[in-house]
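The residues making up each chain are set out below.
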Amino acid sequence: MNSKTALAFAIAALESLPTLIKLSVEAAKWINDTISTLRVFQAEGRDPTDAEWEAFNERIEELRAQRVDPDEDVDS
Amino acid sequence: MTKLKSKIFALCLIVALPACNQIPVPESPAQAVYQLQGTYAAALSAEVTYSRLPKCPAEIEGPSVLRCSKPDVVRKVRTASDIAWDSIKAAQTAVRTYGFGSDISTTAYASAVSALKAYTDITTTLEASHE
Chain A
1 MNSKTALAFA
11 IAALESLPTL
21 IKLSVEAAKW
31 INDTISTLRV
41 FQAEGRDPTD
51 AEWEAFNERI
61 EELRAQRVDP
71 DEDVDS
Chain B
1001 MTKLKSKIFA
1011 LCLIVALPAC
1021 NQIPVPESPA
1031 QAVYQLQGTY
1041 AAALSAEVTY
1051 SRLPKCPAEI
1061 EGPSVLRCSK
1071 PDVVRKVRTA
1081 SDIAWDSIKA
1091 AQTAVRTYGF
1101 GSDISTTAYA
1111 SAVSALKAYT
1121 DITTTLEASH
1131 E
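For the record, the sequence lines run as chains A and B.
Under our numbering, the first sequence has 58 at position 58, and the numbering climbs by one with no breaks.
All you need for our numbering is the position in the second sequence, starting with 1, plus 1000.
One chain only, chain B, in its complex shape (with noise of 0.2 Å):
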């Protein structure tokens, strides 16, 4: 663990983010899934943020230059968020019941994980979408 914890302080010194180095690195499969639940959060923060926003007019295509929402993009973050979230809750329900040495764990865990990758990946698509 203590060379995962180099490898992710050498990503943050690339990354340049202050509060970077102080990142725990989760030290059981609960911590773990309470970080995936943080991320899921912070994202879904942006996600309300960005659905909140007046809808664009109907004539704005591509990156909108007004601060407002696309409801086809709004619709697509929303679906992505709901599947990041019931695989996290999944995943939550089997490490607290079955622990994280268990297969079914195991491939909870690996199933939030993609899930919120997706999600993120959507989400910080949202900046281009309304600059």
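Extracted from the complex, chain A is given alone in its bound form (with noise of 0.2 Å):
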């Protein structure tokens, strides 16, 4: 990969993460998993699965379904 678009975008995460972290627990949970699951990918030379993939899609759209659409009521 280009080398400048990693950094690019590296920077631009980290400079977020502090927020992010500080607005939501489960955002620090999810950085932690992701750098995890990249150590394993990394230390086993490989790159995710069909269906690691897929288990990360289908996490992610759990995780939106969640959110509350701005013109219905809040019940919690």
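Among these hints, one or two may not hold up.
Calculated lysine-lysine pairs in the DSSO-like style (CA-CA distance at most 30 Å, straight line) [to be verified]:
| hint | chain 1 | residue 1 | chain 2 | residue 2 |
| --- | --- | --- | --- | --- |
| 1 | A | LYS29 | B | LYS1089 |
| 2 | B | LYS1117 | B | LYS1055 |
| 3 | A | LYS29 | B | LYS1076 |
| 4 | B | LYS1055 | A | LYS29 |
| 5 | B | LYS1076 | B | LYS1117 |
| 6 | B | LYS1076 | B | LYS1055 |
Taking beta-carbon pairs under 8 Å as the criterion, some of the chain A residues facing chain B (in silico) [as the list claims (entries may be wrong)]:
| hint | residue |
| --- | --- |
| 7 | ALA27 |
| 8 | ILE35 |
| 9 | ASP47 |
| 10 | PRO48 |
Don't read these hints as lab results, they were simulated from the structure.
Positions of the beta carbon are idealized from the N, C-alpha and C atoms, including for glycine.
Two chains, each in its own frame: build the complex with the hints.
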């Protein structure tokens, strides 16, 4: 990959992490999970399998479904 | 890539994030997109938290003093979130289908980075919105 692109993204991501972690405990968990998983991929010298991609996508879709529509009443 | 890692490590020292020096630099296109998704998920969890707060009373203007959410802010974040997620999915499909060397993958990845940056920029302002 283009190292400038990677660096630009890494910097942008790192800049947002402290605030994201402060905003949500779950954010810290996602970041830790991603770090752990990437380390496994790198230790094993491989990329995510189709099943791992699908599982990750599914977790994100489940989280997206938890968003409250601004035009709906909040019941919690 | 070693130079890249040292730059990131230097940045970690600046932001003083304890776990930061352990953030791996992606070693492949697929890992890069996976990292994008992880960052998206972190921002998304903050969006979920904010969207589930009680709505702010209408009379509150500017940054609210209560822990509440503003519908217009929720809509704005949601739109950015949807754009980022669509872009990340497109990048994922591209690296899984064509590999990163293709023009399609490169363009898709760049678009995803841009959309995710826009989303995290908005998400991090939520702190000011409900403090």
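Tested hints:
Our distance criterion of 30 Å between C-alpha atoms is met by A:LYS29 and B:LYS1089, whose separation comes to about 21 Å. About 26 Å separates the Cα atoms of B:LYS1117 and B:LYS1055, which keeps this hinted pair within 30 Å; it holds. The straight-line distance between the Cα atoms of A:LYS29 and B:LYS1076 is roughly 25 Å, inside the 30 Å bound, and the hint therefore holds. A distance of roughly 26 Å separates the Cα atoms of B:LYS1055 and A:LYS29; the hinted pair therefore holds under the 30 Å criterion.
Taking the CA atoms of B:LYS1076 and B:LYS1117, the gap is near 14 Å; set against the 30 Å cutoff, the hint holds. Proposed proximity of B:LYS1076 and B:LYS1055 is supported: the alpha carbons are some 15 Å apart, at most 30 Å. Annotation: interface hint on A:ALA27 holds; nearest CB of chain B at approximately 4 Å, less than 8 Å. Residue-level restraint check for A:ILE35 holds (minimum Cβ-Cβ distance to chain B is 6 Å; threshold 8 Å).
The criterion of a C-beta within 8 Å of any C-beta in chain B is met by A:ASP47, whose closest approach is roughly 4 Å, and the hint holds. Because the closest C-beta pair between A:PRO48 and chain B is about 6 Å apart, less than 8 Å, the hint holds.
Every hint from the earlier list agrees with this structure, and none is contradicted.
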